[in-house]
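Going down the list, the sequences are from chains A and B.
The working numbering puts the first sequence at residues 1 to 429.
The working numbering puts the second sequence at residues 1 to 429.
Because the hints were derived from the structure by calculation, they are not lab data.
Any given hint might turn out to be false.
Because identical chains cannot be distinguished in the list, a pair is counted as satisfied if it fits within a single copy or across any two copies.
[Claimed, not checked] Here are the simulated lysine to any residue pairs, SDA-like style, with alpha carbons at most 20 Å apart:
| id | residue 1 | residue 2 |
| --- | --- | --- |
| 1 | K426 | A120 |
| 2 | K186 | R68 |
| 3 | K186 | D257 |
| 4 | K127 | Q420 |
| 5 | K425 | E76 |
| 6 | K426 | S96 |
| 7 | K426 | W381 |
| 8 | K425 | V280 |
| 9 | K153 | D341 |
2 protein chains.
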Amino acid sequence: MSHRVAIVGAGFGGLFAARALRRAPVDVTVVDRTNHHLFQPLLYQVATGVLSEGDVAPAIRDVLRNQRNARVLLGEVIDVDLQARELVVDTVGERSRIAYDSLIVAAGAAQSYFGHDEFAVHAPGMKTIDDALELRGRIFGAFELAELEAEAKRRDTWLTFVVVGAGPTGVELAGQIAELSRRALKRDYRTFDPADARVILVEAAGKVLAPFPEPLQHRARHDLERLGVEVRLDTLVTGVDEEGLDVTRDGVDGRIDARTKIWAAGVQASPLGAMIAGQVGATVDRAGRVSVRPDCTLPGHPEVFVIGDLMRLDGLPGVAEVAMQSGAHAARTIARRLRGDTRGRPFRYRDLGTMATISRFRAVVSIGRVRLTGLAAWLTWLLVHLVFLTGFKNRFAAAANWAVAFLGHGRRQRTITERQVFARKKELG
Amino acid sequence: MSHRVAIVGAGFGGLFAARALRRAPVDVTVVDRTNHHLFQPLLYQVATGVLSEGDVAPAIRDVLRNQRNARVLLGEVIDVDLQARELVVDTVGERSRIAYDSLIVAAGAAQSYFGHDEFAVHAPGMKTIDDALELRGRIFGAFELAELEAEAKRRDTWLTFVVVGAGPTGVELAGQIAELSRRALKRDYRTFDPADARVILVEAAGKVLAPFPEPLQHRARHDLERLGVEVRLDTLVTGVDEEGLDVTRDGVDGRIDARTKIWAAGVQASPLGAMIAGQVGATVDRAGRVSVRPDCTLPGHPEVFVIGDLMRLDGLPGVAEVAMQSGAHAARTIARRLRGDTRGRPFRYRDLGTMATISRFRAVVSIGRVRLTGLAAWLTWLLVHLVFLTGFKNRFAAAANWAVAFLGHGRRQRTITERQVFARKKELG
Chain A
1 MSHRVAIVGA GFGGLFAARA LRRAPVDVTV VDRTNHHLFQ PLLYQVATGV LSEGDVAPAI
61 RDVLRNQRNA RVLLGEVIDV DLQARELVVD TVGERSRIAY DSLIVAAGAA QSYFGHDEFA
121 VHAPGMKTID DALELRGRIF GAFELAELEA EAKRRDTWLT FVVVGAGPTG VELAGQIAEL
181 SRRALKRDYR TFDPADARVI LVEAAGKVLA PFPEPLQHRA RHDLERLGVE VRLDTLVTGV
241 DEEGLDVTRD GVDGRIDART KIWAAGVQAS PLGAMIAGQV GATVDRAGRV SVRPDCTLPG
301 HPEVFVIGDL MRLDGLPGVA EVAMQSGAHA ARTIARRLRG DTRGRPFRYR DLGTMATISR
361 FRAVVSIGRV RLTGLAAWLT WLLVHLVFLT GFKNRFAAAA NWAVAFLGHG RRQRTITERQ
421 VFARKKELG
Chain B
1 MSHRVAIVGA GFGGLFAARA LRRAPVDVTV VDRTNHHLFQ PLLYQVATGV LSEGDVAPAI
61 RDVLRNQRNA RVLLGEVIDV DLQARELVVD TVGERSRIAY DSLIVAAGAA QSYFGHDEFA
121 VHAPGMKTID DALELRGRIF GAFELAELEA EAKRRDTWLT FVVVGAGPTG VELAGQIAEL
181 SRRALKRDYR TFDPADARVI LVEAAGKVLA PFPEPLQHRA RHDLERLGVE VRLDTLVTGV
241 DEEGLDVTRD GVDGRIDART KIWAAGVQAS PLGAMIAGQV GATVDRAGRV SVRPDCTLPG
301 HPEVFVIGDL MRLDGLPGVA EVAMQSGAHA ARTIARRLRG DTRGRPFRYR DLGTMATISR
361 FRAVVSIGRV RLTGLAAWLT WLLVHLVFLT GFKNRFAAAA NWAVAFLGHG RRQRTITERQ
421 VFARKKELG
């Protein structure tokens with residue numbers, strides 16, 4: 001029997017680990033709660049009607065179809081038995097155990113409301129396809145409801161969109177919503193001008209795009225403001241309800257009336273991390289990440305790798321690139337051991353740079369010492385994402401959707417489902 | 001003030017009526033329960049992962065964005081006050097009235113279970129985007145669950161798909177599911193060969209594609225069977241549950257074990273038809289369609305047109321073409337009246353032919369005396385649908401999805417949402 005590798009999660013980390021094992025003498029089992037991988041950096045485009053869910057969420061088994069040593073199972077890992085070396089998996093309706101020789105835990109992170117989970121009802125996050133489709137319904141639904149509202153002040157609350165958190169996701173979302181209202185929806189409504197919509201980006205820290213070099217932060221803020229986004233820094237959200245948000249800045253309380261709120265402020269690693277760490281006494285930080293050894297293994301369990309957003313190592317950020325590289329590192333380590341080389345080599349992260357789009361034709365890019373802004377940055381973004389979507393079924397449909405959104409002025413993917421209309425009706429009484 | 005035209009429903013009938021009024025001196029109000037028009041003939045491709053919902057469901061207001069005399073409202077018409085000439089509309093959360101001078105009722109039809117609405121839970125219909133996304137989750141989910149099932153007999157029930165009703169929708173769905181299992185999903189699973197999946201097409205009548213000329217019916221059945229679809233004619237469904245269906249044929253009862261059932265058997269016109277007919281004593285047939293005068297107006301109310309699937313006239317079928325033409329007829333009649341020409345002209349339907357795809361490269365087409373089958377018919381289908389998707393934001397993304405599905409061998413749109421996984425979990429206990 002071959003060496004059995006179990007991988008929990010098919011995000012960037014899990015998928016790159018699985019792919020990197022394709023020539024190794026192992027049996028790979030990938031377990032995920034959904035049937036799809038998620039190209040998370042483009043999720044905001046699903047929420048704003050640019051891309052379809054299929055464009056950013058290929059079926060995991062489709063990505064791995066030709067890798068004969070890999071199988072994919074739909075199920076939720078609810079426990080890890082480190083002693084018996086078994087996963088406890090809740091498949092749809094049943095519970096089963098999967099034995100492993102090596103384990104790669106790549107369960108990722110979910111939205112964090114910093115102890116205020118009650119905010120989630122009124123300010124959904126942006127971490128899953130379900131989130132993105134929910135937000136799509138809310139964003140386009142808000143414009144529909146504004147068209148129905150005769151009273152100006154109430155209409156304004158439908159036309160106010162608040163994004164909480166000015167990391168890349170928040171910045172990209174705010175930019176897209178502004179672009180939607182200023183350009184894409186022009187001429188669609190009769191009782192108001194969608195360009196009058198307010199887009200407010202609220203951030204607790206003193207800057208946007210914290211991980212970027214300072215000049216790019218300033219440029220991003222400048223570009224956002226030129227697009228019509230109101231950027232409110234040093235502002236803390238203290239309450240969220242159906243009608244708006246309570247905020248506080250420098251000890252002064254304020255209120256923003258807004259029907260549509262989106263939470264892009266923080267992440268919390270999967271509870272699986274704490275569950276595993278608890279068994280061996282490993283440290284877990286406030287964000288739920290497990291402190292691992294330099295080679296990404298769990299202390300005392302060299303056969304268990306914790307990678308990506310779930311891993312705490314050297315202050316590495318929770319970005320796709322870290323997940324991919326740590327996944328590949330875990331895979332290479334397993335393959336090396338099977339060849340008899342058991343030296344643990346530390347994981348070395350190679351920073352390939354970082355980028356964020358502001359609107360069409362505008363982005364900020366930081367690669368080593370190279371810093372790009374404006375059109376040059378946007379073209380770099382486009383190129384990199386077209387290349388990265390390889391292995392995805394095809395890039396042409398995504399590219400066609402982009403052509404419509406960026407060159408034309410429409411959004412092809414703005415379907416509100418009847419379930420969403422029904423749910424909203426119930427909420428609004 | 002301009003003449004006010006209210007249009008209920010933005011299907012083919014309502015949308016064609018609105019478009020045909022673009023140069024008339026009228027104010028058009030289109031009311032629909034959803035924000036999208038639905039290109040229903042391609043809905044089966046959303047269910048089977050070929051197209052995204054945005055490909056077949058453009059936003060109504062996007063289609064009408066440049067028609068300045070038209071506005072679009074999201075709302076459900078719950079009553080028509082023929083005396084006061086007002087619609088009673090339930091917009092999200094509120095109730096309002098919309099006054100009209102002319103009314104076009106194009107509310108269409110929903111799935112009919114012929115008095116067995118309890119079948120719907122286990123055998124969803126195929127009339128809305130919600131239906132198609134639900135079926136997408138069930139179809140791809142069934143293969144996922146088959147992969148998890150160790151017991152062969154139980155696995156077979158996950159790999160059995162039953163389509164009830166052999167009209168164009170049922171035939172196209174059965175063909176696509178067969179193609180999915182025989183071609184598109186090849187190599188995706190490890191514990192079974194998806195080509196072993198059974199696709200059963202159950203029909204109460206003695207033939208498939210009843211509205212087509214007989215030679216095409218035979219050809220369609222032959223093509224389906226060659227593709228691996230089991231066609232069971234003269235077979236009545238008497239019960240549907242989670243595990244399968246009860247059927248009866250020539251008085252002999254039978255049972256089909258199948259986890260995935262799809263209902264494509266009948267339609268029931270919107271209850272709005274009966275509501276209106278009741279006020280004037282007009283006849284309503286068993287399918288809920290309102291008998292109208294030869295010019296598509298409601299008896300005694302020349303200002304009210306009932307068109308499309310909601311109209312009963314001269315035995316015309318409930319197809320897109322009839323809806324479009326009757327919509328345009330109503331619009332032209334209103335425009336003529338405003339020019340002073342009040343003669344009511346009868347609606348004359350021009351049959352432009354009918355077509356159905358069986359699989360990629362195979363279809364049946366009947367246009368006048370011309371009958372096509374096989375590749376020639378399929379190319380005709382492709383051409384007609386590419387042309388018809390005009391006015392849709394762009395055809396290129398749809399065409400790109402088609403290229404992947406028909407020339408390559410994949411399905412790009414097979415995302416199962418977490419909500420669907422969760423719902424299925426609950427159902428299966």
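Now for the hints, and whether the structure bears them out:
{"no.": "1", "hint": "K426 / A120", "result": "within (17 Å within a copy, 23 Å between copies)"}
{"no.": "2", "hint": "K186 / R68", "result": "between (50 Å within a copy, 12 Å between copies)"}
{"no.": "3", "hint": "K186 / D257", "result": "neither (23 Å within a copy, 52 Å between copies)"}
{"no.": "4", "hint": "K127 / Q420", "result": "both (18 Å within a copy, 17 Å between copies)"}
{"no.": "5", "hint": "K425 / E76", "result": "between (32 Å within a copy, 11 Å between copies)"}
{"no.": "6", "hint": "K426 / S96", "result": "between (38 Å within a copy, 17 Å between copies)"}
{"no.": "7", "hint": "K426 / W381", "result": "neither (41 Å within a copy, 42 Å between copies)"}
{"no.": "8", "hint": "K425 / V280", "result": "neither (49 Å within a copy, 32 Å between copies)"}
{"no.": "9", "hint": "K153 / D341", "result": "neither (70 Å within a copy, 45 Å between copies)"}
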